[in-house]
Amino acid sequence: MRCLLCHEQMMVKPTWRRIFLQEEGKLVCEQCESGFELLGGEQCNGCARVLEQKWTSETENGLCLDCERWQKHPTASQLLKRNLSLYAYNERIKDCVSLYKFQGDAEIGRYFSMKMKRAYQSHFQAYSPVLMPLSEDRLRARGFNQVELMTSEWLVPVVALGRTTGEQQSKKNRSARIHQVTHSPFFVEKGQISIKPLQKFVLIDDVYTTGTTVRQAAQTLIEQGATHVESLTLCR
Amino acid sequence: MSTDLLAFLSGKRLLRTEIPYPDAEFDPFIKKGLIIKTPSILFKNSLPLCIRCGNTARTLFASHFCATCQKNCLYCRHCIRLGKTQECKPLYQIPTSNHTAYPIIESPLKWEGKLSLAQQTASLAVINTIQTKSSILLWAVCGAGKTEMLFEGIAAALERGERVLLATPRVDVVKELTPRFGEAFPSVTIASLYGGSKDHHTQAPFVIATTHQVMRFYESFDVVIIDEVDAFPFSYDKSLQYAITQARKPHSALIYLTATPTANLKKQKDLTTVYIPRRYHGYLLPVPNFRWCGNWRAHLKKNKLPLVLLKWLKERQLAAKPTLLFAPSIQLLHQCSTILQSLAVRHEAVHAADIDRHNKLDAFRNNEYSLLLTTTILERGVTIPNVDVAVLGAEDDVFTEAALVQIAGRVGRSADVPTGDVTFFHYGRTDAMLRARGQINWMNKREV
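Order-wise, the sequence lines are chains F and A.
Every letter in the first sequence is one number past the one before it in the UniProt record's numbering, and letter 188, counting from 1, is 188.
Every letter in the second sequence is one number past the one before it in the UniProt record's numbering, and letter 141, counting from 1, is 141.
I should point out that these hints are in silico values taken from the structure, not numbers from a laboratory.
The beta carbon of each residue, even a glycine, is placed where N, CA and C say it ideally should be.
Heads up, some of the hints might be wrong.
Just so you have them, the derived chain F footprint on chain A, three or more residues with Cβ under 8 Å [to be verified]:
id, stretch
1, 73 to 80
2, 105 to 111
Quick list of in silico lysine-lysine cross-link-like pairs, DSS-like style, CA-CA up to 25 Å [claimed, not checked]:
id, chain 1, residue 1, chain 2, residue 2
3, A, K267, A, K238
4, A, K266, A, K249
5, F, K172, A, K266
6, A, K110, A, K175
7, F, K94, A, K266
8, A, K304, A, K314
Partner residues aside, some chain A positions facing chain F, computed with beta carbon under 7 Å [as the list claims (entries may be wrong)]:
id, residue
9, T59
10, A62
11, K84
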């Protein structure tokens, strides 16, 4: 078997679980996996980033400076209750995510899928899942929606969002992104079941950077009657 | 209609996303047949082949439902970092008859050095190969001065308006060779291409590139030189051959350059071999000594180095002689490093994943410290004057015949200090060790 990321041969020990339960084995070699940084330890209560001295706010309410700033935002403070992420967005995983969604190596989604599934099932069983959509243009250029591809094997979203064509988030700076939090490019696709009775939602995305995108989507859901929105993202 | 686009595409085969021209400019050329479309993935007996990199390994293809073509669409994972070749994404090229012709460059070579006798023989062979458009293997010992042997041949090609490609597997080599050729050929535009390079002279008459970048060219070069052809990881061998075959013109010269040819290369029937058995300074290659050092792995576990090795290292430390110590793996490298630290021996250790590698190496060159521990990462391409070399565990599988010849080749490279000590510390001699020593002796016995 070859490592999904470096394509080198790796040894996979056969186990009874894999033979009888068809459990998926290791997809990525130890060398590659050791470059990824799982989030843990003392984390921000708002966005899951690891709290270092420089991020700890003075009020000591367990929020990082970024989340503190969101708290003070006049209209966006209550949009997102919490974000959960799996990995710190370091150079290694950045390269890997970029290979996956920008270069289009869809196969890498199998690895992310495995990791996301575990996090979803242990934290968000009681929530209605919503995937972050791509605009029509971007979807055609990219060939696939990276979030859909890494959840499609185990998740059926109840509500589908759409996105109007606009500038790419990752090409804008922080203040420009935060500024437009109230101008949501998202809309609920037509012909869907009513949102109101579902109430609790989890938005699923690949990377949480400033948190603007998930808040924009949260606003769209809240406008339609959602009461509680959280997010699950691969990286923070 | 702009002809820039046609000039841009000359000699290349690219995905649409690699061609920075809008559809309004691009589409009319397609309609007129001036730009041709070829599928990037072909099926032979229903098995896929990536037209750009030649990949046929089933495990390196994958598919997903594609929003562009609305079906399950196959793509190649092997060369994806160059852009995605996919069933629904063709490659574009212009007819070979429309490729841009290169102007004649008069007396491009401004190098004033002198070739040694051995280099002269090789240089003549290179010129002849280029003129007759044949293939040749230059088997030149480590430190023979390979770059200089190419000068006259490349000059001859440029003088006839031909296009030259120098391909090598390693980015470091591209970066090192570019300025050297730049000095020798000051009036010639040289493209230096590697992943992440910002060079836009992709139509230059002389291209120095990593093998990955070669995959973007198509039937464009009259002369192709492959440096350190054996330094490719084994799996890359096929893909390299494929890329070169695609990038060179059907009637073109091919020059393989190496100190340690693979068995496959030696076996090729229609390939003439020219030997350059002497270094540029005329001295013989240092012959490695074999020293049995017992079960050194057991020693390391007890936090000890084998006594013979320690004694050998101490002699060099007292004389403040630069010393390279090769270890078989990163883990063993760290073990050795810890032991040396406890003995208060000043040293550094480098390996492939070490970000600080270049700084450490520079400090070593500047004699800031005299002992450097390394994995096989430093087996090629480094020149350190007056260095002695030891290998710990020369019997390990990572030390192949080629690796050991290259490691021994680090010693005595400068004309000032043309000799030095190479010692293989081992726990049982291997075939590879014996063959490496045999090869060095055999070269030393050859007449120039």
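Which of the stated hints cannot be reconciled with the structure, identified by number in ascending sequence?
-> As far as the earlier hints go, 2, 5 and 7 are violated by this structure, in ascending order.
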